[in-house]
Amino acid sequence: MKDDLVFRVVGKLLIPFTLLFAIYVQFFGDFGPGGGFQAGVIIAAAIIFYALIHGLETTRRIMPDWVVEAMLASGVLIYAGVGVAGLLLGGNYLDYNVLDHDAVLGQHRGIFWVEVGVATTVSSVMVKIYYMFASRGGSEGEP
Amino acid sequence: MIGHFTYIITVFLMVAGLFIVIARSNLIKKLIGLSIFQTSVYLLYITPGKLVGGTAPIISPNYTIYSNPLPHVLILTAIVVGVATLALGLALTVRIREAYDTIEEDEILACDENPTTAPDTEQSA
Amino acid sequence: MAITVFTLARTRKLFSVVVLSGIYSFLMATVLVALDAVDVAMTEASVGAGISTVLLLAALSLCRSEEAKPVYKPWLPLAVSVTTGALLIYGAMGLPNFGDADAPMHRNVVPRYMQNEVEVPNVVTAVLASFRGYDTLGETTVVFTAGVGLIALLRRRKNNEPAKPSRQDSI
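Protein chains in written order, with my numbering: chain A, 1 to 143; chain B, 1 to 125; chain C, 1 to 171.
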């Protein structure tokens, strides 16, 4: 599909804006609709769009398998890490009030990191699912 | 009765999803029916939360009445878990297709009952 | 949406079924916006009409794309579904009216959440990440487990033999 001019031009226009919109949705989840899940899914949609246009091999060179799998695990670890940080600083598990001197700022910091963890995991799972399905069809004959 | 019309719509969608799951034997269609069932459950949770004259639950000084945010939180989790389940179901369907060469439920059951007529496979994975 | 679902149940070409399910997700997202659930609508639109359709098409490309003709008329499932529907509607008559502000769901915990002690304007994000943070941790773990399960199911062998098992009779 990468020989088709329309797809390449539209891809070049749309994919950077989609990624920017995903980052916007992630960080403005506090003030408008949005948050970690939506941002993760939009990032995955942009990467899948790129993979549809330019092929799986090119996408694998940009985002190799080990990066995706590392992101998968580190998202959950970031989330649990915020909880453990609450423990280490003297409060309960997943207590955000102790993360900063001011309780409200501690809440903001905790919510920020938690959403980053969620977005990482969700986006890498969606991309990994696409990789698995698309690479499975290599040696299958179409019935 | 008029006040409950949303429940009637929700139950209709739920029953339609249920019908697809139990009446069709194609595995992918069953999975899609299951996801229709799940979306009708989302409607079931969110419709009682809406207050007439309210707005989205984002606190701003211009509005005083907000819709109930608690079902939104639960349904957000449910949507993501639903897509994870769909992905796993589709992966299982692909493996079944490789093992039995069909995705119709009756043919799979027939393959299982008489293994000499339609050869199925020994898994070495 | 009822028309979409009805057509979906009767279509046999699976590609049209997948496209119809994408249309259904978009209509559901529109209805959710009309119900003031903007976060849920954004998630449903991106997940249901985006990722779900891509996954279904990817799985469809690995399987046959037409459903076999049904062998017998589905009278029993139809009867079961209609009976279940009737019972559910009878049960739903006891639930509160649409738009009722006095329902019990508005009275227990929600006034405390809405007092906004974390000073984050989007109450849904605040509840999701701070008041009910454990549930979100569990959900992230579920998504992670789905990814791991998928890797376990669909990984290829490293030594280049095709993962499709050879056909032999089971002894």
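Hints in this document: simulated from the structure, not taken from any laboratory.
Every residue gets a Cβ at the ideal spot worked out from N, C-alpha and C, and that includes glycine.
Incorrect hints may appear among the rest.
As the list claims (entries may be wrong) - Now the in silico label distances, taken between C-beta atoms and shown as ranges:
(1) C/PRO121 / B/VAL81: 21 to 29 Å
(2) C/ASN108 / A/GLY55: 51 to 59 Å
(3) A/ARG8 / B/ILE65: 48 to 56 Å
(4) C/ASN108 / B/PRO61: 23 to 31 Å
(5) C/PRO121 / B/ILE8: 33 to 41 Å
(6) C/ASN108 / A/HIS101: 31 to 39 Å
(7) C/ALA86 / A/SER135: 43 to 51 Å
(8) A/PRO16 / B/PRO61: 33 to 41 Å
(9) C/ARG155 / A/PRO16: 28 to 36 Å
(10) C/GLY149 / A/ARG61: 42 to 50 Å
(11) C/ARG10 / B/ILE96: 46 to 54 Å
(12) C/ARG10 / A/TYR93: 25 to 33 Å
(13) A/VAL104 / C/THR84: 42 to 50 Å
(14) C/PRO121 / A/LEU89: 23 to 31 Å
A/HIS101 and C/ASN108 - C-beta distance against the hinted 31 to 39 Å:
holds (33 Å)
Hint says 23 to 31 Å; check whether the CB-CB distance for C/ASN108 and B/PRO61 agrees.
Since the Cβ atoms of C/ASN108 and B/PRO61 sit about 26 Å apart, the hinted range of 23 to 31 Å holds.
42 to 50 Å was suggested as the range; check whether the CB atoms of A/VAL104 and C/THR84 agree with it.
holds (49 Å)
How does the Cβ-Cβ distance of C/GLY149 and A/ARG61 compare with 42 to 50 Å: does it lie in that range?
Violated, at about 27 Å.
Could you see if the CB distance from C/PRO121 to A/LEU89 stays within 23 to 31 Å?
Holds, at about 27 Å.
Does the hinted range 51 to 59 Å hold for C/ASN108 and A/GLY55 at CB?
Hint holds: Cβ distance 53 Å, inside 51 to 59 Å.
Can you tell me whether the CB distance of C/ARG155 to A/PRO16 sits inside 28 to 36 Å?
holds (32 Å)
Could you check the hint for me, namely that A/PRO16 and B/PRO61 are 33 to 41 Å apart, CB to CB?
Once the Cβ atoms are compared, 35 Å apart, the range 33 to 41 Å for B/PRO61 and A/PRO16 holds.
Assessment of proposed distance window 46 to 54 Å (beta carbons of C/ARG10, B/ILE96)
At roughly 24 Å between Cβ atoms, B/ILE96 and C/ARG10 fall outside 46 to 54 Å, so the hint is violated.
Verdict for C/PRO121, B/ILE8 (Cβ pair) under range 33 to 41 Å
holds (35 Å)
Hint check for A/TYR93 and C/ARG10 - Cβ pair distance inside 25 to 33 Å:
violated (52 Å)
Hint check for B/ILE65 and A/ARG8 - Cβ pair distance inside 48 to 56 Å:
holds (49 Å)
In summary, the numbered hints that this structure violates are 10, 11, 12.
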